[in-house]
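> Below, each chain spelled out in residue letters.
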Amino acid sequence: MKDFTHTTTQVQQQGGLTTHPVAEMYAAEHKAGRLDRREFLVRSTALGLSAAAAYSLIGATPAMADGHRAVPAEGGTLRIQQEVRALKDPRTFDWSQMANVTRGFLEYLIQYNNDGSFEGILLESWEANEDATVYTLNVRQGISWNNGDAFTAEDVAANLIGFCDTTVEGNSMATRMGGLVDEETGLAREGAIEVVDDHTVRVTYPSPDITFVPGVADYPSAIQHRDLIGTNPSDHGVGTGAYEITSYEVGVAATLSRKADHEYWGDTYLDEIVFVDLGQDPAAWFAGAEADEFDMTYETVGEFVDLFAAIGWDQSEVVTAATVVVRPNQNNAPYDNLQVRQAIQLAVDNQVCLDLGINGQGVTAENHHVCPIHPEYAELPPLTHDPAAAQALLEESGHADTEFELVSIDDDYRKNTTDAVAAQLRDAGFNVTRTIIPGSTFWNDWTSYPFSSTNWNHRELGVQILNLAYRSGVPWNESGFANDEFDALLTEANGIQDADARREIMAQLQTIMQEQGVTIQPYWRSLFRHSRPGLVNNEMHAKFEINVHYLGFAA
Amino acid sequence: MGAFILRRTGVMILTALCLTLVVFFLTNLYPNLEKLAKTQGNARMTDDEVVSWLDRNGYGGPLLVRYGEWLGIVPGWTREDPNTGEITGRCIDFGMDPADAPTRCGLLQGDLGFSTVSDEDVANVLPTRLLLTLKLMGYAFGLMVPAALLVGVLAGMREGSRLDRSLSTVSIASTATPEYVSGVIFIVLFASTTAGMSGALTEWGWLGGDGWLGDRRTLFLGSARSAMEDITFWNFTLPVVTIALYGMGYIARMTRASMAEVMTAQYIRTARLKGVSFRNIVMKHALRNALIAPFTVIMLQFPWLLTGVVIVETLFNYNGFGWTMVQAASNNDIELLLACSIVAVFVVLLTQLISDIGYVFLNPRIRIA
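Residue numbers (my numbering), protein chains in the order written: chain U, 1 to 555; chain A, 1 to 369.
Hint data in this document are derived by calculation from the structure and do not stem from the laboratory.
One should not assume that every hint holds.
[Claimed, not checked] Below, simulated SDA-like cross-link-like pairs (lysine to any residue); rule was C-alpha separation at most 25 Å, straight line:
id, chain 1, residue 1, chain 2, residue 2
1, U, 415, A, 329
2, U, 31, U, 127
3, U, 415, A, 43
4, U, 415, U, 292
5, A, 274, A, 154
6, U, 88, A, 79
7, U, 415, U, 405
8, U, 88, U, 167
9, U, 88, A, 304
10, A, 135, A, 234
11, U, 88, A, 274
12, U, 415, U, 329
13, U, 88, A, 234
14, U, 259, A, 120
15, U, 415, A, 32
16, U, 88, A, 33
17, U, 88, A, 56
18, A, 135, U, 415
19, U, 259, U, 74
[Said to hold, decoys possible] Which residues of chain A face chain U? A partial, calculated answer using Cβ under 8 Å:
id, residue
20, 35
21, 43
22, 44
23, 46
24, 53
25, 119
26, 193
27, 214
28, 218
29, 296
30, 330
31, 351
32, 352
33, 353
Built from N, CA and C at the ideal position, the CB exists for glycine as well.
This is chain A alone, in the form it adopts within the complex:
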């Protein structure tokens, strides 16, 4: 097992290197650098000014050398202003004496670099953002998995029953509705004063003023911004449900299939013939075996959640990791984007590792083979 994990870690580092090199290459294409210069300098800069800005801010050197600087294996650039004699450089912060600055400052030195759009070290930006996303994903997962399993098991108990058909319809519909559709529908239905049900609730005196649901104007809040500081039922429900609903249908379908298969197995029939109650058959005999297959699917949802939050965080103005990634990409914030891709690689490969290990423990047949 040790060698397995070690090999997986090696693959992870190699993948991260390849991916960051690709991201580095793409973000350093000249039009993207020009965009960076114009967002950082002035949107209406002339072409000469762009070249001079890039040169002055260390974007002038060869690509691989700068990638080396970011990794921390090549000394960071320094530049002396020909007019003022002022020395600036990659590793020299505002107000720092150039003599005290380290020669190398990159990933190996634990320096994730500087986010141009946030005007702040990446190491200061990312952790808070990741924590916010972790909360959102945690709640979404906490809602999605139990609900999906419940729906799946209920549907799979009696294949073809009325319950099965109605639950299957619901799960197919929820999987077929992406977040950017369901999110918008939820906002219109529950978070608008002019449309949906909030108007009616206000009229009945449930909302607004001193209604028993609070003095808000809408049932739920269509913006999860306040949840960044203080999560409440009203400001966090819509984003959580939006994410959970999309993934739920898929897991439910997998669970249903697995459950339906188990329910036709020999040992279930035997149990039935021996007169075990249906309730006991489901709870004690079928359930455990039926849950093995959905496990992999559930683990696969983690990397998917990472992309799902991009849409939901932008829609609900929740400034987490997904939102940061969108900002970094649209402003060509090179080092922030690189850090984001490392996190993404880490999450994808780590969940795969966990699912592989977990699978080994759940399924004895794999352990023997």
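Next comes chain U alone, as it looks inside the complex:
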């Protein structure tokens, strides 16, 4: 057996840039204390620096780059509690759970690690030019599909073109590809994706864009065989990974087994991984744990964090930019009234939402949806919580008697958080009705509820979430926020690499978010996972990813 840690180090030292002018500037900023280590890693590895090189630029030991993965023992069966949903075209995946199953055979170009660094999987390395308009992708050599075909640059290009196809309903990759999509045809821009040679693909943006790498590291960007793009992977099972699906029963269980006649390019340890679906009720998961039906949870929430710890399971925690927003939709009265929105913000203490909503398992946020762990976060003055002022504003706006209907999905933390907001609004004199909609129908109208809560997952950069959710008219803009100044500033921020310059614009963007009362975004969630003792490389991932190739039992 090869030493996996060692292999990774070698690969990272071979592949990837050793330096880049902008990355050197970031390194200087980090040394000057203007950029923390995580920010530095996100940015420099996104530019194409290998994690090892990035660490060495700032004088940290390169071993740290991959020291986070241990070498497990060979073999064994691991059971993971996780929903088993029907699979479909990976570009339309809307649950990380789907990708966790397919990750056993459909791999990704680039992987995001918890320390903030990006690591090449199917790419050996990548590099961005100085203004982040041209990305050169170097495809890892010697990989073959499990049907015997060689994995080449053609596969990568075909997938990138597929990502840009907006005619596929529910293809969320198109939003992530940004400027690569031609707005007129809804397809990839002519010449934006070129195959240079068998192992090199060049991606050219019309304007600077720093979100390409985080985009292709996200879970709907699984790489399919060039002839099978747009198909359901469970229909054909073709992939580059070491595993294959040997049984798949939606809502019940799925089994991945090592594929017998396929030589995997990397190292992997387990013989078999079983995903056990115990429904959506954490109480059922806990009963399942006590009945010895699985070895690790997908995610442990709320009071069950303490309960799992109490029965002696190992706990893994990660601080993320995952959150909940309780947002008024400005296309509906009375939320088109700025005073009403400001009154809502004044009435709610985010600390209370954190305590009652997720049991205090996280940190408070500042209603602008940019997280302190985001590279471009700018610190603003603390929020004020003033129910009396809120009441005064409400009366001034003439909506003192208006009925405010606050909608949420029926679950644990989203419902509790929304309840906490409703209670505080009532205390401040609002006339609030709570409506709770079952999970199965909640998403039918999620963008159009006048006043409701939605959860958002972690994203690597602050501009990503602002682009997705707050730019005028984008499909996921649930707050109905439309502000020309905001849009213009955001476009400007998308193209700026310099940390301080971008932070200045971010400060303005964040301030607009707060002043316009766009949303109550009360806290950033810590994510938890529990497992029975003796598992390795199964730490909770900021984006809920499970890479089954790394998992194993302690040697």
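Based on these hints, arrange chain A on the given structure of chain U.
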């Protein structure tokens, strides 16, 4: 008798048709189709994408035509993609040449359709699920009926005795406690490491490690998932008892009433006066007559069990028929739900048929009339 059964079968088919039409109508209301598109496509699809998805997947046509397609009397839809020229259709499976596909594929052709949530033919999904539920119902029935009859007969033997009063209290209490209450209480008492009695048992060395009850951490398992493959006393007791307990009280009360009535009959008094022992009176004279009334009640329990398992299967994570029905309904899985309703109609009417026939055999008076 033949004509009777034939008529009953006709009624059954008609009922199934009406019910499926209602289910079809409800599941095809636009908000439900939208929900389907969003669970199948992407939870965050836009309205235009929903319309296009529905159209592309054959949910666009008129309701009655699509109901006809499902029945198999109308040819299945086909659609040619304007961009790629690829032909898709109701009867064309992945990788199948459109030319080879049958024109009609519905109930009449023996095709139950496609379950969208399971991504699998309904015909592949349902039988395994039904078998699992059959096992659960079988065990529950096997426990419930004998126990209920025993309790009922014991209580009814001497009306108003201390035994009668205590057993009646138990059966009323068990009938008054629905499964979602008793199930939860059982889990807390017997299947939790932190509450109930398992902690004490572990402390005494009966459980955990190499205790004589096994190395489990709890006395019973609060999740019946492992019973899907291998039924054991420890993983199946709680769901079975939860179902059985609810139905038991009702049957026991019926048996008690019937038994009490029989015990006051003339022939019992005669037997007593002639000096027959109490034991023989109960066993040889009263019992047979007292069991006629509970028979109908017992047969009525079958359709009720079908709804009872919905709750218990969900609570104990046992993926049987009831669980499948909940999943199908919450995901608006149209064809799976239709198949479930056919099964439900079948079970209800079949048990009624059996009880009617059985009653005729048990009670000569009906046969003469």
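> Are the Cα atoms of residue 135/A and residue 415/U separated by 25 Å or less?
37 Å, violated
> Holds or violated: residue 352/A as interface residue toward chain U, Cβ cutoff 8 Å?
32 Å, violated
> With a cut-off of 8 Å on the beta carbons, see whether residue 214/A makes it to chain U.
Violated, because the Cβ-Cβ distance from residue 214/A to chain U comes to roughly 11 Å (cut-off 8 Å).
> How about residue 119/A: closest beta carbon in chain U under 8 Å, or not?
4 Å, holds
> Just to be careful: measuring from the Cβ of residue 330/A to every Cβ in chain U, is the smallest value less than 8 Å?
4 Å, holds
> Taken at face value, is the distance from the CA of residue 56/A to the CA of residue 88/U at most 25 Å?
Given pair residue 88/U, residue 56/A holds - Cα atoms ~15 Å apart, limit 25 Å.
> Starting from residue 88/U, check that the Cα of residue 167/U is at most 25 Å away, please.
16 Å, holds
> Sort out whether residue 234/A lies within 25 Å of residue 135/A, counting only the CA atoms.
15 Å, holds
> Within a Cα-Cα threshold of 25 Å, do residue 88/U and residue 33/A meet the stated pairing?
Holds, at about 18 Å.
> Using Cβ atoms only, decide whether residue 353/A comes closer than 8 Å to chain U, and label the hint accordingly.
33 Å, violated
> Quick one, are residue 415/U and residue 405/U close enough, alpha carbons at most 25 Å?
Distance of about 14 Å is within 25 Å: holds.
> Take the shortest C-beta to C-beta distance between residue 46/A and chain U; is it under 8 Å?
Constraint on residue 46/A satisfied, holds at 5 Å.
In this structure, the earlier hints numbered 4, 9, 11, 13, 18, 27, 29, 31, 32 and 33 are contradicted, and the remaining ones agree with it.
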